[in-house]
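Following the hints, position chains B and C against chain A.
Protein chains in written order, with the working numbering: chain A, -12 to 87; chain B, 25 to 252; chain C, 57 to 433.
Nothing false has been slipped in among the hints.
Cross-link-like lysine to any residue pairs, in silico, SDA-like; alpha carbons within 20 Å at most:
1. A/15 with C/100
2. C/107 with A/33
3. C/81 with B/122
4. A/17 with C/370
5. A/17 with C/401
6. C/107 with A/26
7. C/107 with A/27
8. C/326 with C/423
9. B/121 with C/326
10. C/79 with B/124
11. C/161 with A/47
12. A/15 with C/107
13. C/326 with B/124
14. A/17 with A/7
15. A/17 with C/398
16. C/381 with C/190
17. C/267 with C/281
18. C/267 with C/149
19. A/15 with A/5
20. B/121 with C/74
To be clear, the hints were calculated from the coordinates, so they are not data collected in a lab.
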Amino acid sequence: MEFRRSTIYMGTTAILVLSLTGLMLHAKAKVRASAPLFARKTAVVRQLELTDLCLFTEATYTRHLSMTDLSTPFQDAPLSLEHFPSGGLVGPPPHLAQKP
Amino acid sequence: MISARNISKVFNAGRPNEFTALHGVSLDVQLHETTVLKGPSGSGKTTLLSLIGCMARPTTGRIFLNEREITSLPERFLTEVRRSTFGFIFQQFNLIKGISALENVMAPAYPTGEKFSLLRRRAMETLEMFDLGKRADARIEWLSGGEAQRVAIARALIHNPAIIIADEPTTHLDTRLSHEFMDIMGDLKARGTTIILASHDPLVYGSDLVDRVVEMRDGQVVDGESAL
Amino acid sequence: MTRMIERQRHIMDFTLAALLRRKGKNGALLSVYTLLVFILASILFFTHALKHEAALVLNEAPEIIVQRTMTGRYQTIPVAWSDRIRQINGVISVHPRLWGYKYDKDFLANYTMMVPAGNPPEPGSIDIGSGISRMRGANRGDIIAFAGHDGQPRSFTIRNIFDSESQLVTSDLILLSEKDYRDFSGIPEDQSTDLALQVRNPREYATIAEKISRMYPDSRPIVRTEIQRTYDALFGWRSGLMIVIFAAVALAFVIFAWDKATGLSAEEQKEIGILKAVGWETSDIMLMKFWEGSIISLTAFLLGTILAYAHVFFTSAALFAPVIKGWSTLYPTFRLTPFIDFGQVATLFFLTVVPYTVTTIIPSWRAATIDPDTVMR
Chain A
-12 MEFRRSTIYM GTTAILVLSL TGLMLHAKAK VRASAPLFAR KTAVVRQLEL
38 TDLCLFTEAT YTRHLSMTDL STPFQDAPLS LEHFPSGGLV GPPPHLAQKP
Chain B
25 MISARNISKV FNAGRPNEFT ALHGVSLDVQ LHETTVLKGP SGSGKTTLLS
75 LIGCMARPTT GRIFLNEREI TSLPERFLTE VRRSTFGFIF QQFNLIKGIS
125 ALENVMAPAY PTGEKFSLLR RRAMETLEMF DLGKRADARI EWLSGGEAQR
175 VAIARALIHN PAIIIADEPT THLDTRLSHE FMDIMGDLKA RGTTIILASH
225 DPLVYGSDLV DRVVEMRDGQ VVDGESAL
Chain C
57 MTRMIERQRH IMDFTLAALL RRKGKNGALL SVYTLLVFIL ASILFFTHAL
107 KHEAALVLNE APEIIVQRTM TGRYQTIPVA WSDRIRQING VISVHPRLWG
157 YKYDKDFLAN YTMMVPAGNP PEPGSIDIGS GISRMRGANR GDIIAFAGHD
207 GQPRSFTIRN IFDSESQLVT SDLILLSEKD YRDFSGIPED QSTDLALQVR
257 NPREYATIAE KISRMYPDSR PIVRTEIQRT YDALFGWRSG LMIVIFAAVA
307 LAFVIFAWDK ATGLSAEEQK EIGILKAVGW ETSDIMLMKF WEGSIISLTA
357 FLLGTILAYA HVFFTSAALF APVIKGWSTL YPTFRLTPFI DFGQVATLFF
407 LTVVPYTVTT IIPSWRAATI DPDTVMR
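Excised from the complex, chain A in its bound form:
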């Protein structure tokens, strides 16, 4: 006899739930295993006195986002358009954007 539709559905859902649970466990295991990796990364940051993530290299103000000043990138003139894509992805850092 062929399977009932509900059996097939519940089976599929069970497989998906198990997969998702498996991935979450995978994440936990990876995070636990990453402690030495982070020790090495933070050592690099400390040694080189780095301040920013190398996410965007196209523009200086998104390369060192926290080191940037307000007027140059965000912008020289109020009507000038952002021309680097990454400038459209990130906003100015909070310590520049907030009013004193």
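Frame of chain A; chains B and C shown alone:
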């Protein structure tokens, strides 16, 4: 016995298109008999059938099923009575498209939570009664007119109802299929099932198995009233 | 109990049959829904993992950076300032940093050149980030030449290449000696790019920053917490990635609204009438609609989330790469550590499954309460 006492049914009450389908109808239907409601379209046959079959409530009046008043039951109980007592065959069969004949027959029993294997076996047996065992897995759209008709009857029988209600069952059938339908009704009657039909087809109300013809017109019974 | 379960399963059977009947429409709905969840979950996974990683890594960033501004832009800072700043109570050390950018016309790439605090390469040699090595096909021992501030090319031997595991902070770096960098960039001996401070007590950050501002009104101190906050606010609600989400949500919502606003088709209404006529109750119809909504939305949630996890953490967010890259030719590959915010996953679940299911049930409420005799009329 099913007794209707002075029942009226008003549709769209209070609105400009208010329409009274039944005017104070009283009627007794004996069990194990075959009764035909006869009359032109718009005479109130279908409305009366749906009230007797617990599908709707009358606006006024009361209906008794074996001395039990069913008009004032809440929806849950009404559905329960309908499910356990009546089997319905509709004018256009009203089968559900896209699913198999077997599933159509099983569908009325889904809410009861009957065990799948038991329900399936019962539905198969009912289909086999009508030589439809081979067509059980066929979709409704693929069935011939005669097969669809028999599936509709099989569906009406899934709960072993004491009463079969059929509304204009032969309207869309040719003569051969109409005869076949009445033959099946004859078999059911022989097994003690009460049959209530609404029809203006002479082939139905003129049939030998009919015990009583009730003639209706303009929402009233004009002939065949039993002595009350 | 078994009857209750069997009833659920029967109605589920029926609902699945009904869904399969309109394969095209429901398949499209499921795909769009899965895509929506996939995009949302991808962004959530990606940004959360990135922020978490930034918070961990930048925890070791310099505690205070002092910049100097002139006409609203930052300028090199006199090394002599460090002596006065060192006098401030609580400051352990002040180290002048030398760094800047170099645009490479041949590769259209922007490098970050930097003089490291410890273990600098000897003059004539450099350490480079794995991104540069990958882009230029440069290996240890190769010689690379760059034109300096005076237009004269200077050649360097590659001493070392950073491990790619640290590329999220080192991908575009070129490390060189102080002597080489001053010669290369033309920064005078008495100037540096900015100052990096070590401070004894984190609670003194604000006071020290204030003292520096008072001491040098044209200076601009940036505290480590501000650096960290910068990356915590990265991809915030007002940024571009979120607008992409909103666009996707809006699109899906339009499709959804279109689907739901058209309500139940005449065919569906008739079907509900038939079911009621043959013995289904209002609650059975609602149950069917409940299953209809939850089957679609739960499947979309599970599929979308699983795909998003694979996308972000197994393929390094391949679909986001073009967005992040922009015009840059030099970029890290995001081998992110899968930091998952389980609360976020739960929120995603409630935001995707519950509203859809509810909105599937509601339009059918009226149809479910119709008198069963309508099929006979």
